[in-house]
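Residue numbers (our numbering), protein chains in the order written: chain G, 1 to 329; chain W, 1001 to 1362.
Possibly wrong hints are sitting among the right ones.
[As the list claims (entries may be wrong)] Residues of chain W placed beyond 10 Å of chain G at every Cβ, according to the derived structure: (1) Lys1014; (2) Trp1024; (3) Gly1117; (4) Gln1186; (5) Met1305; (6) Ile1326; (7) Glu1342.
[To be verified] To give an idea of the chain W side of the interface with chain G (calculated C-beta under 7 Å), a few residues: (8) Ile1057; (9) Leu1061; (10) Val1065.
By construction, these hints were calculated from the structure, which means they are not laboratory data.
Backbone N, C-alpha and C fix where the C-beta goes; we use that ideal spot for every residue, glycine too.
Each chain is listed here by its residues.
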Amino acid sequence: MNALDTVILLLLAAITYGTPLLYGTLGEILTEKSGNLNLGVEGILFMGGAFGLGGVYYLEKFAGTPSGLVAILVALLCAFLAGAAASLIFCFLTTTLRANQNVTGLALAIFGTGVGQFAGEMMRVRAGSYVTVSNELKDFFIASPFPQFLKDIPYLGQLIFGNSWFFYLGVVLAIGMHLFLKKTRKGLYLRAVGENPGTADSAGINVTRYKYLATVIGGGISAIGGVVYIVTTAGCTWNNEGLSGVGWLAVALVIFCLWRPLSALWGSVLFGALMILYMRLQLSFVPTELYKILPYVVTVIVLIISSLRNNKEKQPPASLGLAYFREDR
Amino acid sequence: MDEKTKTPLLRLAKRSSFPKPAAWAIRVGSILFALLLGCVAILLTGNSPFKAYATMINGALGSKVYLQQTVKKAVPLLGCALAIAPCFKMRFWNIGAEGQITAGALAATFVARTFTGKLPSLPLLLLMAAGAILGGGLWALIPAFFKAKWNTNETLFTLMMNYIIIGVVAWLQAGPWEAQQGRIAQFDASAQLPKVLGVHCGWIIVLVLVLLVHIYMRHTKQGYEIAVIGDSMRTAQYAGMNVGRIMMRTMFLSGAISGLVGFIIAAGANHTLAKEIAGGVGFTSITVAWLSQLNAFAMIAISMMLGILTKGADTLQTAMSVPAAISDIIIGLLLFCMLGCEFFINYRLILRKKTGKGGAAV
């Protein structure tokens, strides 16, 4: 195998491992644009993973093997609803009941992890063995939606057309979110709410509604990352520890991407690469266990660098993490 | 717009004062409400909630041995909550206690491996504790330094530090320090904490810490500085406080206490080091700290309550095959309810009056 093939294989694996991060990050970007800092992404991903897998598993169990696209839709929908419900708790507590966002987010991380593991375990106990789906579906989940001749294009074919449905959906979502935030009036209003809710409120924008919608939809999108992780990289089986850390990386990635959906595309692939580098590019002088902490070390470096630059364009939404109470204005 | 201004159905007003007993009644009520919500999860498993809670309580408090195990679970939670309290008081979101525990345990293990056989038990244990305090403190100081210097996001920084130090322990465990099958050798008897009343003496250490932290937070100048920064960073700066220095000092202290907890777990409970040594204590203790309103004495009760919950959930898993993750769910629900109930303590809901013509203007 020559060097170029190695790089292409590495990139393909990086995209596979980066796709869950992409959803997690996109969802959190939308949430944070409304000024809500939801630290519960870790828990949301666990819930999305468990409920998404559960949806497909029970669909197949009771209605026979569905067509691949139906299975994908069910997985996405179940995960989305689970994440939306979790974020609704967060938003209710922080926006309506005015609880501290940091602590509420951490509570959601604990709660969501618990619910995900609980649901996963319950499915396992009920089934009496590992919960998994048929091989047909497993293959479909990691198959590319494009015809073979496109994938046969030398070098670039696999790279551009050889990824899973979930990746292309994520790309569409990222572009859509970019256009929404930058080109539509509603997107402008949302950004205004995140920057200065007081001003937005005076301009007649319903701050509460925007916060709720952005947080709930954002949480749903993040949750999709959980199920994508389970069905593309974890072989469609539930594993209590499999998802741990992915949600937190997604939160860090939001900062790395400077709250830009399009940057999330390459950012997630880069972090995907960091996650699997120890398997693909073994270095004899670096022990595996130390190699595995690479993404976290890089995240720390990224955090430091992004705090060093003092550019007005590259800042978080101004009211991020702060509660808005009309009466306190 | 209509000529008549509409009065909303519900209005809010800040309460100027609220009797303390009533506030605590609301809090206890919200705990009960959370336990009630926990019933839903238990019902989903097809078990009776009463039986499940009874099993949990019996499994946690039913016999002397069970009680000792429960206390063993509560000790690190209490110690670590005491560590987190000063940071959270300062509105410095240290969620790296998990890593600071691990760093402390790592340092203690290093001391134990180096000096076992060369020192008698008591000096060895004291040296291990000192090492753990230094290890945990320095590990916490890194993110604090960057926060103080360049305002680097401390939430994510401290979090990432967890994974990094756990990775280092995983490496030591499988490589340089490996004794057999990916495990580090058990500590020598001289490097183990003695038992008092059937539980390692860590419980005495944390109870002393409760007193010390309480005095530090309420009755010292440094504790006051922490409170001022937490209330308003600008006030602190205006008053001439060196905010960065105070942040670093507080984080060192917090990491040091977490490190000491790591020492207690390693030398008292596990008698060895493993990458799972913190086992989620660093995260759960955030709950303890917050539920107790950062009050050191309340933490004793809350950590015991969570100790009962986690020990009870273990029993529940073996007795009724309810996944032990139920404890995380109930802990999460507890936090949600406690966070939510503060609203009803701080604000008054005012219903629109029926007769009002135009209503009272805000």
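Against the structure, the hints come out as follows:
| no. | hint | result |
| --- | --- | --- |
| 1 | Lys1014 | violated, 7 Å |
| 2 | Trp1024 | holds, 18 Å |
| 3 | Gly1117 | holds, 28 Å |
| 4 | Gln1186 | holds, 21 Å |
| 5 | Met1305 | holds, 15 Å |
| 6 | Ile1326 | violated, 6 Å |
| 7 | Glu1342 | violated, 7 Å |
| 8 | Ile1057 | violated, 20 Å |
| 9 | Leu1061 | violated, 22 Å |
| 10 | Val1065 | violated, 26 Å |
Checked against the numbered hints listed earlier, the structure breaks hints 1, 6, 7, 8, 9 and 10; every other hint is satisfied.
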